[in-house]
Amino acid sequence: GAGVSQSPRYKVAKRGQDVALRCDPISGHVSLFWYQQALGQGPEFLTYFQNEAQLDKSGLPSDRFFAERPEGSVSTLKIQRTQQEDSAVYLCASSLEADPYEQYFGPGTRLTVT
Amino acid sequence: AQSVSQHNHHVILSEAASLELGCNYSYGGTVNLFWYVQYPGQHLQLLLKYFSGDPLVKGIKGFEAEFIKSKFSFNLRKPSVQWSDTAEYFCALLHQAGTALIFGKGTTLSVSS
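Taken in sequence, the protein lines are chains A and B.
Every letter in the first sequence is one number past the one before it in the working numbering, and letter 3, counting from 1, is 3.
Every letter in the second sequence is one number past the one before it in the working numbering, and letter 110, counting from 1, is 110.
Read the hints as simulated data drawn from the structure, not as lab findings.
Bear in mind that the values here come from a model prediction, so they are computed numbers and not experimental data.
We put the CB at the ideal spot given by N, CA and C, even for glycine.
A hint or two may mislead.
If you anchor each label on the Cβ, the simulated ranges turn out as follows [what the hints assert, rightly or not]:
1) A:Val12 - B:Gly53: 44 to 54 Å
2) B:Ser14 - A:Leu55: 23 to 33 Å
3) A:Tyr10 - B:Tyr39: 18 to 28 Å
4) A:Glu85 - B:His9: 19 to 29 Å
5) A:Thr76 - B:Trp83: 34 to 44 Å
6) B:Gln82 - A:Asn51: 33 to 43 Å
7) B:His7 - A:Leu39: 12 to 22 Å
8) A:Leu55 - B:Trp83: 41 to 51 Å
9) A:Ala53 - B:Trp83: 41 to 51 Å
10) B:Ser70 - A:Thr112: 37 to 47 Å
Taking beta-carbon pairs under 7 Å as the criterion, some of the chain B residues facing chain A (in silico) [stated by the list, open to error]:
11) Ser5
12) His43
13) Leu44
14) Phe90
15) Ala100
16) Phe103
17) Gly104
18) Lys105
19) Gly106
The calculated lysine to aspartate or glutamate pairs, modelled on DMTMM-like cross-linking and capped at a C-alpha distance of 20 Å, are [to be verified]:
20) B:Lys49 - B:Glu64
21) A:Lys57 - A:Asp24
22) B:Lys61 - A:Glu102
23) B:Lys49 - A:Glu44
24) A:Lys78 - A:Asp63
25) B:Lys58 - B:Glu20
26) B:Lys58 - A:Asp99
27) B:Lys58 - A:Asp56
28) B:Lys105 - B:Glu15
29) B:Lys71 - B:Glu88
30) A:Lys78 - A:Asp24
31) A:Lys11 - A:Asp24
32) B:Lys58 - B:Glu88
33) A:Lys14 - A:Glu85
34) A:Lys78 - A:Asp56
35) B:Lys105 - A:Glu44
36) B:Lys69 - B:Asp54
37) B:Lys49 - B:Glu20
38) A:Lys11 - A:Glu85
39) B:Lys49 - A:Glu85
40) B:Lys69 - B:Glu20
Modelling step: build the complete structure from the supplied sequences, incorporating the hints.
So this is what it looks like as C-alpha cells:
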C-alpha cells in the first residue's frame with residue numbers, strides 16, 4: 001500500500017517568504033507527527049495530531065511555525081517569514097490508533113532558505 | 001529532560017564484520033526504545049523496538065538490540081554485516097508523555113565489500 005507522502009520534496013525560499021509543506025499520511029492512520037531534522041542531527045519533534053486535534057505543539061520553535069490537519073487526514077506545516085535557521089528536512093510520520101508507537105515516516109521535505 | 005546519545009558518529013566496517021552501535025538514554029522511568037534505519041535515498045524505517053519483557057529484542061534483517069537498564073543502554077548489534085547495511089542508524093526514546101520520539105544524532109555505517 002501507499003506510504004506517507006510529502007510535497008514538495010524540495011523547497012527553496014528566500015528569507016522572509018512564507019512556505020507551506022504538505023503531508024499525506026497512510027490512510028486510516030489516526031496520529032500524525034511533524035519532525036525537523038537539521039543537517040547532521042536526528043529528527044526533533046515539532047507537533048502531534050490525533051485526528052484533527054493538535055494535542056502537542058511543544059516542539060514548534062517559534063510562533064512563525066503553524067500546523068493544521070482540518071479534516072483529520074492531510075496536514076500542512078506552515079512557516080511564516082522564513083529565516084536561514086529554518087533550513088532543514090521536515091519529516092512527517094503517521095501511526096495507527098491500535099499501535100500508536102510505531103511511526104511510519106515520509107520521505108521529508110528539504111527546505112533551504114537563502 | 002529525556003535525551004538519547006549515540007557516541008559513534010561514523011563506523012566503517014568490512015563485509016562479514018560484526019557490528020555494535022552504542023545508544024544511551026537519560027530517563028529514570030519506564031522506557032520504550034527504538035532503532036530506526038535510513039538507507040541512502042530512502043525514508044526512515046523501523047528496525048526494532050523494545051517495550052517490555054525480554055531485554056534482547058530481535059528486529060528485521062538480522063539486527064538485534066539489548067536493553068540494559070543498569071547501564072541506560074540499548075545497543076544495536078548484527079553478527080555479520082553486509083554491504084547493503086550501509087545506512088544511517090538512529091536510536092530513539094519514546095517521550096514520557098507517550099507521543100513524540102526523541103532521537104539521537106545518528107550513526108552513519110559504511111560497509112565495504
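Hints versus structure:
no., hint, result
1, A:Val12 - B:Gly53: 44 to 54 Å, "47 Å, holds"
2, B:Ser14 - A:Leu55: 23 to 33 Å, "47 Å, violated"
3, A:Tyr10 - B:Tyr39: 18 to 28 Å, "19 Å, holds"
4, A:Glu85 - B:His9: 19 to 29 Å, "22 Å, holds"
5, A:Thr76 - B:Trp83: 34 to 44 Å, "39 Å, holds"
6, B:Gln82 - A:Asn51: 33 to 43 Å, "41 Å, holds"
7, B:His7 - A:Leu39: 12 to 22 Å, "19 Å, holds"
8, A:Leu55 - B:Trp83: 41 to 51 Å, "42 Å, holds"
9, A:Ala53 - B:Trp83: 41 to 51 Å, "45 Å, holds"
10, B:Ser70 - A:Thr112: 37 to 47 Å, "44 Å, holds"
11, Ser5, "11 Å, violated"
12, His43, "5 Å, holds"
13, Leu44, "4 Å, holds"
14, Phe90, "5 Å, holds"
15, Ala100, "4 Å, holds"
16, Phe103, "3 Å, holds"
17, Gly104, "5 Å, holds"
18, Lys105, "5 Å, holds"
19, Gly106, "5 Å, holds"
20, B:Lys49 - B:Glu64, "10 Å, holds"
21, A:Lys57 - A:Asp24, "19 Å, holds"
22, B:Lys61 - A:Glu102, "18 Å, holds"
23, B:Lys49 - A:Glu44, "19 Å, holds"
24, A:Lys78 - A:Asp63, "10 Å, holds"
25, B:Lys58 - B:Glu20, "14 Å, holds"
26, B:Lys58 - A:Asp99, "18 Å, holds"
27, B:Lys58 - A:Asp56, "31 Å, violated"
28, B:Lys105 - B:Glu15, "24 Å, violated"
29, B:Lys71 - B:Glu88, "24 Å, violated"
30, A:Lys78 - A:Asp24, "15 Å, holds"
31, A:Lys11 - A:Asp24, "17 Å, holds"
32, B:Lys58 - B:Glu88, "19 Å, holds"
33, A:Lys14 - A:Glu85, "12 Å, holds"
34, A:Lys78 - A:Asp56, "16 Å, holds"
35, B:Lys105 - A:Glu44, "10 Å, holds"
36, B:Lys69 - B:Asp54, "12 Å, holds"
37, B:Lys49 - B:Glu20, "16 Å, holds"
38, A:Lys11 - A:Glu85, "14 Å, holds"
39, B:Lys49 - A:Glu85, "32 Å, violated"
40, B:Lys69 - B:Glu20, "17 Å, holds"
This entry does not satisfy hints 2, 11, 27, 28, 29 and 39, going by the numbered hints stated previously.
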